[in-house]
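Heads up: the protein sequence lines correspond to chains F and D, in order.
In this text, residue positions in the first sequence follow the working numbering: the first is 1, and each later residue adds one.
In this text, residue positions in the second sequence follow the working numbering: the first is 1, and each later residue adds one.
Treat the hints loosely; a few may be bogus.
Put simply, identical chains are the same to the list, so a pair is met inside one copy or across any two.
As a list, the in silico DSS-like pairs of lysine-lysine whose alpha-carbon atoms are at most 30 Å apart [what the hints assert, rightly or not]:
no. : residue 1 : residue 2
1   : Lys411    : Lys453
2   : Lys60     : Lys35
3   : Lys453    : Lys70
4   : Lys341    : Lys124
5   : Lys393    : Lys35
6   : Lys60     : Lys346
7   : Lys424    : Lys160
8   : Lys110    : Lys160
No lab work stands behind these hints: they were computed from the structure.
Since the structure is predicted, the reported quantities are computational estimates derived from the model, not experimental observations.
There are 2 protein chains.
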Amino acid sequence: MLHKKQNISFFFSPKSIAIIGSSPTAGKISYVILKSLRNIGFQGEIYPVNPKYKSIDDLKCYNSVSEIGKNIDLAVIAVPAPLVLDSLKDAGKKAKGAIIISAGFGEAGKEGRKMEDGIKEIAKETGIRVMGPNCMGVYDTVSMVDTFFVPAERMGRPGKGVISILSQSGSFASLIMDELALEGIGVSRVVSYGNRVDVGESDCLEFLAGDDNTKAVAIYMESVDDGRRFVEAAARCAKKKPVLAIKVGKRGAGISAAKSHTGAMTGMYKIYRAAFMKAGIIEIDGYEGLKDACRALNIFKPVKGRKVLIITDGGGIGVRISDACEEMGLDVAALPETLQKRLSVKFPAYYGINNPMDLTGSVTNEEYLTAIADGLKDNYDMAIVALLWGPPKLSEGLVDRLAETIRRVKKPALICSPGGTFTKRMNRAFEEKGIPVFSSPESAARAAAVLTKG
Amino acid sequence: MLHKKQNISFFFSPKSIAIIGSSPTAGKISYVILKSLRNIGFQGEIYPVNPKYKSIDDLKCYNSVSEIGKNIDLAVIAVPAPLVLDSLKDAGKKAKGAIIISAGFGEAGKEGRKMEDGIKEIAKETGIRVMGPNCMGVYDTVSMVDTFFVPAERMGRPGKGVISILSQSGSFASLIMDELALEGIGVSRVVSYGNRVDVGESDCLEFLAGDDNTKAVAIYMESVDDGRRFVEAAARCAKKKPVLAIKVGKRGAGISAAKSHTGAMTGMYKIYRAAFMKAGIIEIDGYEGLKDACRALNIFKPVKGRKVLIITDGGGIGVRISDACEEMGLDVAALPETLQKRLSVKFPAYYGINNPMDLTGSVTNEEYLTAIADGLKDNYDMAIVALLWGPPKLSEGLVDRLAETIRRVKKPALICSPGGTFTKRMNRAFEEKGIPVFSSPESAARAAAVLTKG
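Only chain F is shown next, with the shape it has when bound in the complex:
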């Protein structure tokens, strides 16, 4: 790490961006980046740089960064690997930061590692901060920056949200963005920092700790660069907002794959677990867990306790959710007698007024609202509402009223609705109201577990 604790906000809210290796050819990485910046509505200056062209689209194209004649915040470098060092030297004269998109460095072998040393030297000499190489860079819905080079038709861009995601892997960052976009879940800032010769997870955590636009941080990591600094940065951030991590490269084949992938040692998984615990990081198990966490944290604030009330109209699914919750360390606490009494005068005798609460196939819209409002009033920290659309008295009007009730109770109430065509349509209706829906018992339990670690 070259410049510890320097503010790196210019990566997230640059006023000007040079694209080095810019090209007017559709399909070229540098052209996709130009399009990405324009599609998202980047408001600053964009300077294409390539001696081969006079202009690209309607923008003047420069021979070099030096030629631009102004200081710029960010240079995005998308040239073949052998040209990267010269481009970075040029950028270093004018730019505060560089994102090196180009691949073919540490991950490609000895020659590549030598070039990475070269990058470090230039950074030291010129003071420029470097993200990458072999990365996607920054996607930012606050300042409207997008350096991801996958075209919009292949990868959706999520709207504005409150979760920021840090990822060594560019493919991982792209995938999760694409899925979140499809599901209408927003993000705040996403960073893919690739081979991490300079800027890495710790710099980003320091920035995000003080970022009011970020309410939770999720990190996909194969390795860390500086363990001690990481634990410090993560601990500071975790005091203010939930910090989640997926550690990959845990075992045999995974470890060596991660090593060849970004050229970094993944280290012993046990050491990571201890570090996560020390820093107050919530460990997430895999890609599914990350999606569940994003879905939950996008809407609900974490709670202090871990008492979960399960409400359902399908006994079997209630039992499976109960198991899954207990496997995740949640407390499916028995219904207190007072609540049992209160509900037993409102519900038919054959309803299961327990936890899980089985409202059976006879349930009405109204009874679901009652169960949630009464159930979450005093005794539980959150609810999982396993709403199956089989009961004939449930009507589509339930969506609006349930969404309203969930907002009013001011505790997380996670809807869990597995199912087919009709259910999926209802789920979309909930999501349009800003209420996330979980499609399996396991998914709802994973989300609930994240919310109880606030």
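Once you have looked at the hints, place chain D on chain F.
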């Protein structure tokens, strides 16, 4: 258990069905059942029974089963709980089997348990075999029977497939059918046997063991009735085809919920695990695992070994799949030198010719086909192909060619494609070609694990 080892095939391929408590009122359970039978195209006789009506739709309605004047195979009883015993007595005179849909028995308390004793007595006296009460009954794509009372607009019906599903929980059976229908995955026979006063998992396993239309069996269980008989029946079935089980009600709250739900003791989870092991049952962890298993077993035959080759164009996702596979007990074995040499003359030097095999963002359609065909030739039992649609040289034409290659290699090759709109469209294209796609690293690994336990 009243009649051990009796052939119960009349539940699955009845030539005639009486619906007791039949009603012409849309929305009534008995009317939905009549509709379900007609929608699926049941070819046998249907006899509505209800003294209140002369005819229902275009069918003559009978005062009682006795009045029908012929022996019938199956009586479906959908009357209020207090009328069930009389209806069953009547059915017992003419019918081989009865499915008691009605709820309000063991799950509702002491009175209900007494009525269940009554059911057992009638069964003993008349020799009628009983499924239920508090169940959905049978969905069968071989003989075209459907006694599920959720209307088609709320719950899709899967097409013809090779997996049979046994479930104590009706909601669980309905949900999985609804999801499989949406995803185009077929089933052979589905049984929801509810409170199981007579016919249960062991009877069904005995039938399914000899059923050529069933290539795999999945059981959702809260409890078993007769442990020894279950282990024997499951072991016999598991010798011929994979038998999977999800045990719910594993822990504290889950156990008591399962108990109140179907009125059965869920017992110690440890004992179940030992029984599963003895019987050769593959234990599945939850609802997600069941879906993954159905998706995989619908197309691929289980293999003997557990060596998995991971092929991807996204390094990060490859690492996560590798971790997930090892967590599931699979062997992500290193690429043998011969294979490495063979591929290194076909692929650029910067591809990661290892396991996981990282074809990078430069991959072409052709290279994916090569990797699968060469990779699965000798050394591996199956592949997970983590196809991300970011690489610009991948075109939609890959779907057809990859589907063809997967068919040709004659080993399971599971496609894993997380992603958004574009990816989901490609996934549907694969599924139309009969190739299942898994949407997360974890899901692909769970499916691979099921296939290695053949």
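- Homo-oligomer pair classification [lysine 35, lysine 60; C-alpha up to 30 Å]: within (15 Å within a copy, 69 Å between copies)
- Item | Homo-oligomer pair classification [lysine 124, lysine 341; C-alpha up to 30 Å] | neither (70 Å within a copy, 41 Å between copies)
- Message: With identical chains, the pair lysine 393 and lysine 35 could be close in the same copy or across copies; at 30 Å between alpha carbons, which is it: within, between, both, or neither?
- Response: Between copies only: 19 Å across chains, 50 Å inside a chain, cut-off 30 Å.
- How do lysine 411 and lysine 453 come out at 30 Å by Cα distance, when the copy is not named: within, between, both, or neither? Intra 14 Å, inter 43 Å, cutoff 30 Å: intra-copy only.
- Under a CA distance limit of 30 Å, which applies to lysine 453 and lysine 70: within one copy, between copies, both, or neither? neither (47 Å within a copy, 65 Å between copies)
- Item | lysine 424 and lysine 160: within-copy, between-copy, both or neither at 30 Å Cα | Both, since 24 Å and 23 Å are each at most 30 Å.
- Under a CA distance limit of 30 Å, which applies to lysine 60 and lysine 346: within one copy, between copies, both, or neither? Result: close neither inside a copy nor across copies, 72 Å intra and 42 Å inter.
- Task: Pop the pair lysine 110 and lysine 160 into one bin, within, between, both or neither, using alpha-carbon distances up to 30 Å.
- Result: neither (41 Å within a copy, 55 Å between copies)
When each numbered hint is compared with the structure, violations occur for hints 3, 4, 6 and 8.
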